[in-house]
Amino acid sequence: MRDYFYKLADHAFQLADADDILLLNIRGELSDFVRMNNARIRQGGKVEQSYLEITLINGRKRISHSFSLLQSLDIDKTQVASAVENLHAKVSLLPEDAYLSYSRHIHSTEDIGKNELPDTQAAMDRILHSAEGNDLVGIYAAGLIYRGFANNLGQKNWYESHSFNFDFSLYHHQDKAVKSGYTGFTWDQNLFQGKMDQARAQLEIMKRDPLTISPGAYRVYLAPKAMGDLVDVLNRRAFGARDRHNKTSSLNRMIYEGKRLNPGVTILENTGGGSACRFQSDGFIKPDEITLVQDGTIKDPLVGSRSAVELNMECNGASAEETADSLEILPGKLRTKDIIPTLDTGLYLNNLHYINFSDVNSARLTGLTRFAAFHIKNGEIEAPINVMRFDETMYNVLGENLEALTAEQELLVSSNTQLCRHTECQNIPGAIVNDFRFTL
Amino acid sequence: MDYMTDHQLKHWFLDNLPDADFCSLRLTEEKKELIHVRKNVLEPVNTVEERGFMVTVVQGKGMGYGATCDISEVGLKTAVANAMDHCRLNQKYPLIDFSRIGFSNPSGERKRYVKTPWESVSLEEKTSFAKKLSENLQVSDQIVDWQVILEHKLVTNRYITSTGGDMVQAFSYVFPKIFVMANKGAETQRRSLGWIISDSRQGGWELLSEDKMRHTVSVAAEEALELVDAPNCPSGKMDVLLDSGQMNIQVHESVGHPLEIDRILGDERNFAGTSFVTPEMFGSYRYGSDLMNITFDPTRPYQLASYEIDDEGAIADKSYLIENGILRRGLGSVISQARSGIPGVANARAVRWNRPPIDRMANLNLESGTSSFNDMVAAIERGIYMQTNLSWSIDDSRNKFQFGCEFGRLIENGRLTSVVKNPNYRGISGIFWRNLKMVGNEDTFHVMGTPNCGKGEPNQTIHVGHATPACLFTDVDVFGGENQ
Chain V
1 MRDYFYKLAD
11 HAFQLADADD
21 ILLLNIRGEL
31 SDFVRMNNAR
41 IRQGGKVEQS
51 YLEITLINGR
61 KRISHSFSLL
71 QSLDIDKTQV
81 ASAVENLHAK
91 VSLLPEDAYL
101 SYSRHIHSTE
111 DIGKNELPDT
121 QAAMDRILHS
131 AEGNDLVGIY
141 AAGLIYRGFA
151 NNLGQKNWYE
161 SHSFNFDFSL
171 YHHQDKAVKS
181 GYTGFTWDQN
191 LFQGKMDQAR
201 AQLEIMKRDP
211 LTISPGAYRV
221 YLAPKAMGDL
231 VDVLNRRAFG
241 ARDRHNKTSS
251 LNRMIYEGKR
261 LNPGVTILEN
271 TGGGSACRFQ
281 SDGFIKPDEI
291 TLVQDGTIKD
301 PLVGSRSAVE
311 LNMECNGASA
321 EETADSLEIL
331 PGKLRTKDII
341 PTLDTGLYLN
351 NLHYINFSDV
361 NSARLTGLTR
371 FAAFHIKNGE
381 IEAPINVMRF
391 DETMYNVLGE
401 NLEALTAEQE
411 LLVSSNTQLC
421 RHTECQNIPG
431 AIVNDFRFTL
Chain G
1 MDYMTDHQLK
11 HWFLDNLPDA
21 DFCSLRLTEE
31 KKELIHVRKN
41 VLEPVNTVEE
51 RGFMVTVVQG
61 KGMGYGATCD
71 ISEVGLKTAV
81 ANAMDHCRLN
91 QKYPLIDFSR
101 IGFSNPSGER
111 KRYVKTPWES
121 VSLEEKTSFA
131 KKLSENLQVS
141 DQIVDWQVIL
151 EHKLVTNRYI
161 TSTGGDMVQA
171 FSYVFPKIFV
181 MANKGAETQR
191 RSLGWIISDS
201 RQGGWELLSE
211 DKMRHTVSVA
221 AEEALELVDA
231 PNCPSGKMDV
241 LLDSGQMNIQ
251 VHESVGHPLE
261 IDRILGDERN
271 FAGTSFVTPE
281 MFGSYRYGSD
291 LMNITFDPTR
301 PYQLASYEID
311 DEGAIADKSY
321 LIENGILRRG
331 LGSVISQARS
341 GIPGVANARA
351 VRWNRPPIDR
361 MANLNLESGT
371 SSFNDMVAAI
381 ERGIYMQTNL
391 SWSIDDSRNK
401 FQFGCEFGRL
411 IENGRLTSVV
421 KNPNYRGISG
431 IFWRNLKMVG
441 NEDTFHVMGT
451 PNCGKGEPNQ
461 TIHVGHATPA
471 CLFTDVDVFG
481 GENQ
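Chains as they are written, first to last, in the numbering used here: chain V, 1 to 440; chain G, 1 to 484.
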């Protein structure tokens, strides 16, 4: 698709007036989606989709139009010509854009992954044979994802990845289950089998009689996925320059009142070490690393292109939403083998569910335990617990109640398939937290 | 390779049917315009046009789909081949015996419900309207962020089957959104319209009455300012009176999702979750008090998710899901009904051409009662009136919920008194609904909905409609924000 996109871009640039700036963005996928329930196929299919967005900037005015591509060059060239003509007709009707911004510095990049994916039928054979005797639920999503950018200043960027994401759960009974996943670019049967075996081992524990715990404060271990779920929600309104300026950030008390997290907490947007796309839709390129929180103190914000003009800052490649796409929390010192002995007595939470702010100004989040959540007693796993609701501020979780972060992080690749398959990821350690509050 | 018209696509599809028991072609065309004014500055206007289709094939016990935006002979041929490949894979590992499912063959046309077509209004008029509203939100220096978004979507769906069905449905949706944030120190509070629960409807420009919208923005800005100076909502067991907007999300999360039959059958267990509702509960389970009457109602043409057929061709009609508090029927499509034996509705919906239909809510309403707003306030000795959803969370079985609202007002000895910020409440679905004490009359009933209901693997965020009156619940666990 890269060459096809550049042909369409060249065609669009030929149609531009001398004083036009054109920005073109393409996104698409060719993906298999196979949904499973009871270790059988519930629904499966293949989706091919490709969208082109053309942005016309004329003087200080700006307008955009997106459309689906047929991937037939003559027809799509006609669509491009029609779009450019319509944008020209409309742009004069608009006021000047006070926050007009696009990258004037030409920085072309290319990031193309190899296609070493297994055939979908072969992957399903392996998955469903391995799951025999288990109540497996989940989705296997695999195929090509691409993003591209080009402008008539000469910049070209291309991102192409061939990946799979098998996101699954093994169920025992009702809501007692274990969640796992296997993502990658090439299928490693041993690695996959290891994930299945590990999930089955945890499922055995889920078969024990569950405990119902009372509301109150508990010492907990938040496994990387559970910690990632919390940070994912915080990320929606924490690190953006606009939120910081407007005082709408959930970390207002760090920004404006000097509140600090635990000095062991450092949070990065680590594009260099992540799997997300490096360029954004106005042509700005993300640096390898942006430090969002350093040693517990708020640091640099994520600055999108429009905020950069509005707030007189430098754009650091953030998207319009100004959220981290490759969020990393640096590790601590607690070794994996020491997690349960260190926790001693408390709750071991692998996953959390349906998290939302319950008080944004205090970075307080509510949500629920889900999947493998265990009660640990005297350094031993005792039993699974029934679902509990928590309501706790991140100033406690990552602040004074944080006892330890694990030395090992887990790379969590997004299984989000909203609109199309996503590329974001997190690199997150687990954490032991004291007095984590459960309410219901 | 040539671009195909709908007519050509239909004929090529019917002339080149694969060797299968049943095939359908679902063609969707969508046009969107987004006008967004943030702090009185017009963001770049964005329009979207897309066209694509999904071919679904049923052969023996299997089903498969192929979807593409390549509207050409080659695109159609490839989509059919992809659907057949997946159908064969499904035949090897079938969860459902699709040979037992009888699909309908609807025909006809549903025209879009609109008085003033969106496209008949100039871009200048639309942007100027949004800008004026935005300017009315900036009433104080304490207003730190404010936005107005006007989104319009025009959708045409054509559903063609290998067994004679051919139906076209057209829809015009308007999604107005307004929000305003007020700040004092590190405390910021929001008032909004349409951010989570909205006044979105089917219709055109006529839905945006300037007088009504101006009044809304002026109230929103003043209430945001009131909130930054307000005390936290008190804690304790008390009565809560929920406005129609908050009732939307209460119905959505604690009634709608648990009644989805695909959840009950376990399809969603890896993502959205399961349900505390089990098949044997239908017909006898007391979900709520006698005042609780929940309907699936696609018949109000202007409500957000009204339609004549669902995305698998089933004819949509009004049905009671819960009648006088007793669970009668589930939210399940033809496929889910066949799998479960539970009576259902026509609710197989796909967000667009590139995602397969699954059980969704469509319009899920709470029928109005007989109590006036003043009657309900007068019945409360100590409680909170909560307006406009801000936060929502519920467990994977749809039992333990917690909701937060933007605006709260104390009710003391039968009278509305002072404003409180961060009003939250939590409970357990069954217990909560059985504590439904009074249901508001038609004057408190509003037709609304949410544009963002998420579910499904692959993920689909779809709009659903809700219409509810204000309601009074007793013995609710209420609390406020963090004590600083």
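Hint data in this document are derived by calculation from the structure and do not stem from the laboratory. Don't take each hint at face value.
List time: in silico BS3-like cross-link candidates among lysine-lysine, alpha-carbon distance up to 30 Å [claimed, not checked]:
{"id": "1", "chain 1": "G", "residue 1": "184", "chain 2": "V", "residue 2": "90"}
{"id": "2", "chain 1": "G", "residue 1": "77", "chain 2": "G", "residue 2": "115"}
{"id": "3", "chain 1": "G", "residue 1": "126", "chain 2": "V", "residue 2": "259"}
{"id": "4", "chain 1": "V", "residue 1": "90", "chain 2": "G", "residue 2": "126"}
{"id": "5", "chain 1": "G", "residue 1": "31", "chain 2": "V", "residue 2": "77"}
{"id": "6", "chain 1": "G", "residue 1": "132", "chain 2": "V", "residue 2": "90"}
How the hints compare with the structure:
| no. | hint | in the structure |
| --- | --- | --- |
| 1 | G:184 / V:90 | violated (41 Å) |
| 2 | G:77 / G:115 | violated (40 Å) |
| 3 | G:126 / V:259 | violated (44 Å) |
| 4 | V:90 / G:126 | holds (13 Å) |
| 5 | G:31 / V:77 | holds (20 Å) |
| 6 | G:132 / V:90 | holds (20 Å) |
The structure fails hints 1, 2, 3 (numbered hints given earlier, in ascending order).
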